[in-house]
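Kindly generate the complete structure, drawing on both the sequences and the hints.
Chains as they are written, first to last, in this note's numbering: chain A, 1 to 589; chain B, 590 to 943; chain C, 944 to 1364.
Worth flagging that the hints you see were computed from the coordinates, not collected in a lab. Predicted model, so just to flag it, every value in this text is computed and none were measured. For every residue, glycine included, the Cβ atom is placed at its ideal position computed from N, Cα and C. Worth double-checking, as some hints may not be accurate.
To be verified - Cβ-Cβ distance ranges computed for the label pairs, FRET-style:
(1) B:Arg862 - C:Val1194: 35 to 45 Å
(2) C:Ile1226 - A:Gly407: 28 to 38 Å
(3) C:Ile1229 - B:Ile731: 37 to 47 Å
(4) C:Leu1182 - B:Ile672: 23 to 33 Å
Stated by the list, open to error - Quick list of in silico lysine to aspartate or glutamate cross-link-like pairs, EDC-like style, CA-CA up to 20 Å:
(5) A:Lys209 - B:Asp645
(6) A:Lys403 - C:Glu1013
(7) A:Lys209 - B:Glu693
(8) C:Lys1121 - A:Glu201
(9) B:Lys654 - A:Glu201
What follows is the residue order along each chain.
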Amino acid sequence: MTDQRLTTGRTAWGWAVFAFAAAAAAMCALIARSRAEIPDFNREQMGGTLRRCFSAEPQNLNPITGKDLYERYVNDYVFQRLLQYNVETGDLEGVLAERWDISDDGLEVTFHLRPEACFSDGHPVTAEDVVFSYNLVRNEEIDARSMASYLSKCERCEALDAHTVRFVWKEKYFKVAESAGNIFAILPKHLYEKHVEVDPEEAEAKGIKHFNDLVQDFVGTGPYVFKSWKTGRLITLVRNPRYWGKPRAFDRITFQIITEEQASVQAFLSGDLDYVPITQEWRDKLKDHAARGKAFEIYVYSSPAGGYSYIGWNSAQYETLVSPDGKTQRIEHPHPIFSDWRVRRAMTHLVDRRALLKYLYYDIGKVATGPFWSQSPQYPPDVQPWPYDRAEAMRLLAEAGWKDRDGDGWLENEAGKRFVFEWTMPSGHQQTMDLARIIKEELRRAGIEVEAKFVDWPVFVLTLDRRDFDAVILAWGGSGALEHDPYQIWHTDAIADQGHNFVSFRNAKADRLIEEARSEMDDARRTRLFRAFHHLVHDLQPYTFFIERESLRLVRTRLRNVKVHKLGMDPEEWWIPREHRLGDGAGTP
Amino acid sequence: MRTYILKRLLLMVPTLVGITLLTYAIVRLAPGDPVGAMIRMQAGNVNPRVFEREADRIRQRLGLKDYNFWGADPDRIDAAEKIVNAFYGYGRWVWHMAQGDFGESMQQRTTEGSKDPLDLYVERAHVSVILNLIAEVLIFLIAVPVGLMAARYSGRLFDRGSTIVLLGLWSLPQVLAGTLLLSLLARGGIGLEGFPYAGLHGAGAETMGWGEWFVDTLWHATLPVLCLVYGGLAYLAKLGRASLLENLRADYVRTARAKGLPERRVVYHHALRNSLLPMITTMVMMLPMLLGGSVVVERIFTIPGMGNLFVGAAMQRDLAVIMFGTLVYGTLALLSLLLADILYAWADPRIRYD
Amino acid sequence: MTDGRTTRVATSVTPGGEPAGPPRTYGSIVWGQLKKRPSAMVSLAFIVLLALAAILAPFIGGEVPIRWVEGGEASWPIFRCLTNGEYVAMVAFLLGALLPITIRLVRPGAEQVGASPMLRALAIHAAVLAVVAGLLFGMREPERSYGFYLERADEAETAWFPLIAYPRNPGFSELPFKEQPPSWLGWLAPESYPPGSWAHPLGTGRIGDDVLIRILYGARTALNIGFVAVGISLAIGVLLGAISGNFGGWVDLVLMRVAEIVMSIPRLILIIIMITVIPERWIPPIWTVVLVLGVTGWTGTYRLMRAELFRIRGEDYMTAARALGVRTGRLLIRHAIPNGLAPILVGATFGIAGAVFLEVTLAFLGLVQTPSWGMMLNDGRQHLEYWWLWVTSGSAIFLTVFAYNLLGEGIRDAIDPRLRI
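Rendered as structure tokens:
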């Protein structure tokens, strides 16, 4: 439940913050890019270094195979896509594409590239590069799994001429432009083609690394280029002298790697960092700090990337049968406890989300009611979160057959079986353990016994994939877009094949709503469909939705033009006045 | 004497084999799949084909593949076969190690830096060595006078007081001491704000001159060294006190006094020299312990040292790094034991090993 | 005077030729010395009190009342809710307190046959404990549901709650009380407690849990780790040392190498490897740390025991006993172990201190799952301004380790004949 904090899992201690953010990064809808209107900086405003930090090292800086948020933060400066969202309005804008058209049947999107766009080595961006990048994502040999799923309904991508490229889709989709244009970065074909064509087994022999093994020093179209990566310490980017677009203000961007949150806050407070993400507790500690308002400011904002945390109730139970000839088969049964929506809704009534928000999250965030971001058009304004109401919960449970039949203080069903379930959670995360303790005690008071099971992250991932749990606690990160496509998480098709519908939520009406909304290009009609979907999920509570998360940032006041937009913040529009710059950027910031 | 040393050195070999074999066996025979776990943890959502290939490659490289030797079922590896596989894998590790190939670190799989455990340890060695050497020297320099004074004024206020203080220091967990030092004395914390909060070198350390670099490193090392020193100090001071007291009550001291030698000479020249021996040998044995046990200090002060590397590898079951570390630490421990015994023999002519 | 089965110290004779009093065994000499050392007695008292507090924790803080009278019916709910383990611990403590009485009762009979009264008494107590434990675990299920006693306190005519009437595990209704300083410092948090209130003598933690209650239950973990882990080390070390010392030869060579091997691997690493390697279904995580601490810490005891055995092997009375055909096992139990026990005891007390320390480090690394002082310290250190969190756990750890160290030093001095008081 902290926000963007990841570790590489290099240390189990680092797992303390790994869980949710990793879940957010690895399993979420892709974070689509959003950018602000870059002002015209004059010479006086240009210069200086922006010093950021990460709480763990990125695995690699490969824009296609990168697995964590940190890689994305770095590559946001180095690479660009065809489109991006405007961080203030939420509309799609062209970056590498000047303009784009969608055909009448909605199946074709044609992009017209900017002729002036070029890579940092001077080569112009052509449609061939777009096709190459598209093929990278869809290449089975390339480790681009999470991106690939967004292009699964794309039939082909073809270059019509040097500056025109077309994507053809199999079905109508309201995000057809975003899926083509705002998912993957554009890489130069002339530089990376050979890395893709080499056979992984022969790569070492030929001295050419396979694309999957390329780790850093990539060439992109962005305003910054990679300078150096001191393992475990610092990643440095410098200005791209051949950048085709409006220059940014900073000459350099550095990312320091500081694992302990306390150390990163201390670094910030002593002036060594400019921009640091923090957790709710630190905000509470720092809100009365003497230097607040003078040397630094705390920003709290809601963005679609925040996502939400939840308890997932498994609606199905899987049985593995091994036939005599060694074949395994998995049979799905309805879960004995959680397949009944009344039980799930009762569980939501038993969790006092307002108290959690107030006391554990220091009022930062909102109680989540369903899958959509509260400030997006998809969110129905009339939905009310289920209140904390033990009486109502007991009533629903009784209706579902769970009563204390023998006066021993525990609930049993008609067959006399006690209400006991196993709650699987990633280990090492303090907030999770606190939450688990409180909820376990609350449920005990209601007569429900919970066995809290903490497992390592890799085991946890396996558990999710195999649906081997009664209940889990997890979080989804949001996409960067105003509207979110619920297909990946809620459709019946997403149950099999290790899809993201972990709880095996099967509902024909929900499926229909999703399918209709996805292919509805009219905004108003689509909004109505999504809102109905949100209400449905809210009623059935396949998850107990917890808290919609907000982002917290510490920013030094010496940075100017720092604004919070509708979709978040964008460091690329900031600048530092000359008198506040430190050093000449040589070795020291 | 020489033959004794030779014999001990030779005996070190089977012990080292035992150490490394034991470690290898535990890590290798453990249930679970560390390779798969590691890849999953680093990669999250991995393309299954890539996953299989990567996993295979690592297993091949580290000798973790389990071969089916004689089992009835070609697809299952039963317990006996696993044990044989473990021995085979160990042998393979020894063979490769003899050729200078220490395997590769699974954790560093995707980074650009070296994956060779040797490089990883060497990178951090200078940090650990600096810190621990300074700590050892300081411990010695402080413990000797304190122990000495406590023994001389035995039973009096200084002795009783210092015993309590030392025992108290000895009972303070490093986690608490480190955190307190960091918050009270380091920049960005509450309190003094005099020292840096992380790392062993300031930003821009590469561009400093020698003198400046030296001072900067010392300044950064102050708090971590303090944290390393206080525990060992207490132990050594008490040891010194006990040792000196024993000597001061010995017959030869009584003789010296009876002979009319000045007290100062008796204490400093005779008793002290003899009592230093157990202290020195203890210190010799303390060094490997310090090196291995400094992970708490390294984490709290964000110092990339060997202890952190080793512990991190142990938690992730990163086989190559664990094995290399065990080899290094084992050798150090055994060598220091030998050195201690040699020192004893050299100092005390009554001890004969042959 | 010896008949092959007694090792009584010869009756001492004063210069006047009269007997100088009842013969004193080595154990009683050491104990007598210990009694004369105030620091050792203080630390012993502290440890005993700590154990008592840990055992009686449900009576000191919790939501289950000791006595409850409702509608004319009286009940004692707390006794229904105590787990079998807690009952066994109480019985064990009681038996420990009664040990001197049993020894006195058993002495005449024991000394007639030349057995040690202490060992006999211990054996009797152990048997009683085993029977009680068997009965409890076989026949009783403690009550685990929530009784809502606190909420219904008004409905009862009489309700005797523990000293701190507060749930042991906090729920949502306890969240508003999170992170309160000790309540008698009411001026620090005036909105929650008036100054001088004893509702939360040590304040509350991150989720509204009472710190004192947590410390008490954490004491259980600390003592467990101390006694059980070191007990395991002792058992292994004494056994292996006895074998090594008795048989000598290649058995000794092999065992000595094994000990060297275990000693040369940094103990922390060995512990970490073993913890991460033992899966949950084999050993519940509560016992993993204890077990692993025990299995890695036996080398010191081993060496002591072995040295002791080598020493007495050459003694005349041993040769005589063996010549008379006394069985090796008997010799070991009657002679070797009691004599070697004292330095081993010193090692054990320092070992307990070391084990508690190691647990703190393991909690720092995130490898501990059960609530313990180490975990409290690790939580608390990240929020230093909530000083009551880390000061209490830090002090608890410090005081306990200090006490064990002091006790160890005391025993060491008590053994040393030159430091006789």
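Checklist line | Hinted pair Lys1121 (chain C) and Glu201 (chain A), Cα distance within 20 Å | finding: violated, 58 Å
Note to self: Given the hinted pair Lys654 (chain B) and Glu201 (chain A), is their Cα-Cα distance within 20 Å?
What the structure shows: holds, 18 Å
Check: Do the Cβ positions of Ile1229 (chain C) and Ile731 (chain B) conform to the proposed distance bound of 37 to 47 Å?
Finding: Because 41 Å falls inside the window, the suggested range holds.
Margin query: Lys403 (chain A) and Glu1013 (chain C) were given as a pair; does the straight-line alpha-carbon distance stay at or below 20 Å?
Written below: violated, 24 Å
Check: Does 23 to 33 Å hold as the CB distance between Leu1182 (chain C) and Ile672 (chain B), or does it fail?
Finding: Holds, since Leu1182 (chain C) and Ile672 (chain B) (Cβ atoms, about 25 Å apart) stay within the stated range.
Next item on the list: Could you check the hint for me, namely that Arg862 (chain B) and Val1194 (chain C) are 35 to 45 Å apart, CB to CB?
Entry: holds, 40 Å
Check: Given the hinted pair Lys209 (chain A) and Glu693 (chain B), is their alpha-carbon gap at most 20 Å?
Finding: holds, 18 Å
Margin query: Looking only at beta-carbon atoms, does the pair Ile1226 (chain C), Gly407 (chain A) fall within the given range of 28 to 38 Å?
Written below: Distance hint for Ile1226 (chain C), Gly407 (chain A) holds at roughly 35 Å.
Check: Is Lys209 (chain A) within 20 Å of Asp645 (chain B), Cα to Cα?
Finding: holds, 18 Å
Checked against the numbered hints given earlier, the structure breaks hints 6, 8 and satisfies all the rest.
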